[in-house]
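Number of protein chains: 2
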Amino acid sequence: MYSSFAVGMNFIINFILGFCAGCKLFTYLKTFTAMINVAGRRRIVINNVMPSVEGGRYPAKTIVNQPLRLSANIFADGHELIECVALIKHKTDKLWVTLPLLPEGNDVWATTFIPDRLGMYQLLVQAWIDHFGTWQHGLVKKFNAGQDIDTEIKNGLLIAEQAAAKAVGKNKIPIADWIEELRSATGHSEAVAIATNVEIGLLLAKSRDKALITTSHITPEIEVERERALFSTWYELFPRSAAAAEGTHGSFKDMLRLLPRISRMGFDVLYLPPIHPIGELKRKGRNNSLTAAEGDHGSPWAIGTKEGGHKALHPELGTIDDFKLLINTAQQAGIEIAMDIAFQCAPDHPYVAEHPEWFKWRADGTVQYAENPPKRYEDILPFNFETEAWQSLWVELRSIMEYWIERGIEIFRVDNPHTKSFMFWEWAIREIKTKYPRIIFLAEAFTRPRVMEQLAKLGFTQSYTYFTWRNTRRELEDYITELTTSELKYYFRPNLWPNTPDILPPELTTGGENNHIIRLLLAATLSSSYGIYGPVYEMCLREPIQGKEEYIDNEKYQVWQWDWDTWTKTGEIAERINRVRKENPALQTTNNIQFAATDNDNIICYIKADESRRNVLIIVVNLDPFNTQNAVVNLPLQAIGKEPGERYQVEDLLSGDIFEWTGAHNYVSLNPYELPAHILRIQQPQ
Amino acid sequence: MYSSFAVGMNFIINFILGFCAGCKLFTYLKTFTAMINVAGRRRIVINNVMPSVEGGRYPAKTIVNQPLRLSANIFADGHELIECVALIKHKTDKLWVTLPLLPEGNDVWATTFIPDRLGMYQLLVQAWIDHFGTWQHGLVKKFNAGQDIDTEIKNGLLIAEQAAAKAVGKNKIPIADWIEELRSATGHSEAVAIATNVEIGLLLAKSRDKALITTSHITPEIEVERERALFSTWYELFPRSAAAAEGTHGSFKDMLRLLPRISRMGFDVLYLPPIHPIGELKRKGRNNSLTAAEGDHGSPWAIGTKEGGHKALHPELGTIDDFKLLINTAQQAGIEIAMDIAFQCAPDHPYVAEHPEWFKWRADGTVQYAENPPKRYEDILPFNFETEAWQSLWVELRSIMEYWIERGIEIFRVDNPHTKSFMFWEWAIREIKTKYPRIIFLAEAFTRPRVMEQLAKLGFTQSYTYFTWRNTRRELEDYITELTTSELKYYFRPNLWPNTPDILPPELTTGGENNHIIRLLLAATLSSSYGIYGPVYEMCLREPIQGKEEYIDNEKYQVWQWDWDTWTKTGEIAERINRVRKENPALQTTNNIQFAATDNDNIICYIKADESRRNVLIIVVNLDPFNTQNAVVNLPLQAIGKEPGERYQVEDLLSGDIFEWTGAHNYVSLNPYELPAHILRIQQPQ
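From first to last, the protein sequence lines are chains A and B. The opening residue of the first sequence carries number 110 in my numbering; numbering runs sequentially from there. The opening residue of the second sequence carries number 110 in my numbering; numbering runs sequentially from there.
Bound-form chain A, shown alone:
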């Protein structure tokens, strides 16, 4: 362990140098600094410290109790041996844990660390020249080459004597003993044996000259989150449509009845669109019409009436006690309630009167509504994040999240975060997570790539993705490969949704039930987190508004009733694949995917294997919802742990069928009217 003080000092020196190197405004200061402090004697270069995002500007992400690879490129001039360590600590700790890094070739040094607590960790890398080890190593080589090693032995004694002079306390004596022993060795052979004693190397390391240690110039943060941050299965449901009786507004109480069904289907996150009072001014009618008819319920995303805003509940849904009961009952069924965070107001939200300074005002004395000219969203008032009162706005918005956290919510699905200030999210998420490290934030942003990436960098736990529109084999392979192999893998956790209340992709409309099943199976196996906008998806409802990718008679603007006793084929498949996900660790993480070639572009194939490589799945999906497709897949043998020509059994976890496969090339045939996919587990020897 290093004391945090020593590291702190190193850090400050490195920081000064790093700052000079980084900003380049002060070359002369740098030269001056370099010439007066000790850094000029250091000979090690450390770069590419991983995991890190944008060179340490943003935290990398991992989950608790999961092995985490730490690595860096480390090298010195010349041929001497070097020693490298990673220093890691939870941000709230004082002491750093030191882990030796091992060389992997090509100047990469790495180790594995298993964080056991939630929250922010910090990573440093240090390295130094191992002079004594270099001497030991050289001595043996010279001795083996038959060279005279008298002077060499004396050189080693010199190093040890210098170390002994610096050594403190009980370390002094064994060094002196070793010096004595080496001096009195009879013959080179005995001397070499004494010289290469491992203990003495460890002892001398303790009196190493700290001034020669190089410390990485960045200190990446690594955020450790709970398992559900990486492995989660979402079901979206409008609570107002939960009633059994036709024409009745559903409530939290009605939802209690649905929990066993959702639990049986294997979903563990139940996401509710906003549950706050719905604005009455400028309320939208059915199918997004500009005026609400008598009795229209409006969009839950138009939040706030005189009855309350983001901290209140829509009266027809129930009381705060009803809501708490729902949270607790769900929890007992293994389901977490995810709440919607939509930071915007209906025109009658109390904030408008109480905090006019948080809004933009129009010349006619009304508040500026959301717009993307010529489109207007008059039922929605955005906050003005450029207001001079931004501090009070930020604090209030944070308090909304804290309010619901204190009432049992631990997952937020954030509505359109890309239309709110990035700096606000960076601050707010860090504030919340420092206090409540279990909280999960899902960013509902379907926007440009750089913007989606930025939200994930700022702290969002999971992100919606372009999967919704990636249909062909090439599109899926390219997109998932980018997410799982570029820098994105360190900070962007994809949550794949085949549909949402906002999006009915054309492929679902044209591909019918078969394509609902195909897209469900892809979402559930291409990423460890996925979700469906549930009842509509189970029923395969797929009629769009003419010319749009949007459901007709959308629940966003009206109350529906669902037949919760019906089990469709899509629902049955969801239940099956969710069970498979729970039973197979290979499906509980995302970056462990490797695509395999197939000779038919309608058939996609990929391998998922867990860390232990005991759980290896071969997933094959027919992307054509209309026709049986056949293919020969060409499996990467290393990924499945098989030899060319080796025979092995695979079990289809969907159908229960067992197949005998051989080596890399195997034939598949998939009928989309039966089962469009194989989820094949390689049978392990007992």
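Accuracy of the hints is not assured; some may be wrong.
One copy or two, it doesn't matter: identical chains are merged, so the pair holds either way.
What the hints assert, rightly or not - In silico EDC-like pairs for lysine to aspartate or glutamate, Cα to Cα no more than 16 Å straight-line: (1) LYS420 <-> GLU515; (2) LYS665 <-> ASP286; (3) LYS200 <-> ASP225; (4) LYS415 <-> GLU495; (5) LYS420 <-> GLU463; (6) LYS665 <-> ASP259; (7) LYS362 <-> ASP431; (8) LYS319 <-> GLU497; (9) LYS469 <-> GLU480; (10) LYS250 <-> GLU480; (11) LYS279 <-> GLU213; (12) LYS484 <-> GLU189; (13) LYS362 <-> ASP430; (14) LYS315 <-> ASP239; (15) LYS469 <-> GLU189; (16) LYS691 <-> ASP286.
I should point out that these hints are in silico values taken from the structure, not numbers from a laboratory. These figures come from a predicted structure and were not determined experimentally.
Using the hints provided, position chain B relative to the given structure of chain A.
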């Protein structure tokens, strides 16, 4: 122009935030800072500022009077228009030049800048929301959609009135005039015309709220060097072998006679191995034997005797005046003399007695020689860069380079820089280049990739490469693609050498004269800088020491005589290709290469085009030194600026032949006993 003070203030604020974001030690400080300063109102994100190396830690490189692309990813939340600028200045200037950045899609904003001075430039990027432009844009859309725009016009007046209140001096009046004009407009059509006046937008921009401007968190440096940093043609020659008469030690005077020949061949850098007094103690004999025979001249890299060290000249080569005459005469012939910097000492170098503190001492009272156990290099003493006297060592080593710069040298080839301290090079090169920006440093490091990259990051102008051992089409394509498309393209300038006094690659031994010509043509066209260890290469001498990749009877350890009147085929081809390089701008830069497919792995094909795309070359090389090879090349039509099926003439710049080609697919046949390559220039319409 922004004043450097304003930028400085922005910089400091960003720096504080950047520091907090970067080091993460002070989250609370950051929160505090964010909550008390103005940064919370900023809504723009800027990242990926280019060119930059390691996120701005090291300078990017370019050459003077060459267009340089500046770019960044820039975006805001929401839909408003943004404006982005690059601020660039020479480090010694006070004022920043402001260049508008233009959107290229996908949130990339870019422009081109042509630096006109040598030295270090600094780059910043700034961006802000264009509220007034957004209003103008929205007004037009609403008007076109037939919406009522009365309130909209008033909104715009509001923005202008606020700006007018802030405006100073002569800006006030035209804003007030415009407000008056818009107020009194008759009808929407006229109002829109007045509102979208461009002048008013520019005027209002001047009173923009500076607190809302976001500045990039990094300030990359860009080093602007002279043209030869990128385009250079090297010839290596041992001056002691320059004498005409058999058995005579050559001299600087002898070399005067060779300059017209080297100039005629088109080489513009003449690199001399060390020219200092050669150590007598432990001097090596011929073929690297441990003991020198009477009359053996030793290795020029074992520098220093009692007659002097790195600032002295080897007496048999001549006086300082002879050397200056050589430098000047060469310059008149268009040739620069490149000097060798080998920071190491022979045992009798004066430094050993004068500065014992700069060396490591062995227990037997001798200085530690260079070694890589069990190998010993007893004629070479390395400096101890871990010495506590490192400051005086650094200053002295810098003074060696300054000494020769003051005597007319502007190019250094640095011997084994990877066995000296990286921190020293970073400091020394920056010191030298700040004072003498014309100096070019070539790093002679044939070592591991990360080490070679690091030297280039630290400031070396050019680098030796693995080209020497890259022979197959795949090897060449992969390596050159890596150098010219990864981050390396910003800082690593490859200088390709088919041979050196240290390296006789097996392919040259087995491939004979034909392969000497093939490798020469590849080196001369794959990179804008290349070199040969000359006389040996021209003569195609290729006998190795048994089992080694090294020339027998190496000039490193003995004096040779050469027949300088002989012109070999290799020499003739060198002359031809060097003339082609001088006449074709496409060959004067490196990153402009694009490989083309061929249907024969023995034939490699690549396109080089200059910035204007007037000079477009198609280079086709037969990599097989023994057989005629034929291929159909498949040219990327966009790269050559042709349509499918289009007919065009290409002129072979080596043979003078003209060919009629059509579209992408064209047939080539190359006989290595005649000419193994086509250098085809696409004929441009007159």
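Structure-based check of each hint:
In this homomeric assembly, LYS420 and GLU515 come within 16 Å of each other (Cα to Cα) only inside a single copy, at 12 Å, whereas the closest approach across copies is 76 Å. In this homomeric assembly, LYS665 and ASP286 never come within 16 Å of each other (Cα to Cα): the closest approach is 82 Å inside a single copy and 48 Å across copies. In the homo-oligomer, the alpha carbons of LYS200 and ASP225 lie at most 16 Å apart inside one protomer (13 Å), although the nearest pairing across protomers, at 48 Å, exceeds that limit. When the C-alpha separation of LYS415 and GLU495 is checked against a cutoff of 16 Å, the pair qualifies neither within a copy, at 26 Å, nor between copies, at 74 Å.
In this homomeric assembly, LYS420 and GLU463 come within 16 Å of each other (Cα to Cα) only inside a single copy, at 15 Å, whereas the closest approach across copies is 80 Å. Taking the closest pair of Cα atoms, LYS665 and ASP259 never come within 16 Å of each other, the shortest separation being 87 Å inside a single copy and 32 Å across copies. In this assembly of identical chains, the alpha carbons of LYS362 and ASP431 lie at most 16 Å apart only when taken from the same copy (6 Å versus 101 Å across copies). For a Cα distance limit of 16 Å, the shortest separation of LYS319 from GLU497 across copies, 13 Å, qualifies, whereas the shortest one inside one copy, 49 Å, does not.
In the homo-oligomer, the alpha carbons of LYS469 and GLU480 lie at most 16 Å apart inside one protomer (13 Å), although the nearest pairing across protomers, at 73 Å, exceeds that limit. Within a single copy, LYS250 and GLU480 get their C-alpha atoms only as close as 76 Å, which misses the 16 Å cut-off; across copies the closest is 12 Å, which meets it. Proximity of LYS279 and GLU213 under a CA criterion of 16 Å is satisfied in neither setting, with 35 Å inside one chain copy and 67 Å between copies. Within a single copy, LYS484 and GLU189 get their C-alpha atoms only as close as 68 Å, which misses the 16 Å cut-off; across copies the closest is 14 Å, which meets it.
In the homo-oligomer, the alpha carbons of LYS362 and ASP430 lie at most 16 Å apart inside one protomer (10 Å), although the nearest pairing across protomers, at 101 Å, exceeds that limit. For the homomeric pair LYS315 and ASP239, the shortest alpha-carbon distance inside one copy (12 Å) is at most 16 Å, but the shortest distance between copies (60 Å) is not. In this assembly of identical chains, LYS469 and GLU189 lie within 16 Å of each other by CA distance solely across copies; the values are 14 Å between and 65 Å within a copy. Within a single copy, LYS691 and ASP286 get their C-alpha atoms no closer than 60 Å, and across copies no closer than 70 Å, so neither meets the 16 Å cut-off.
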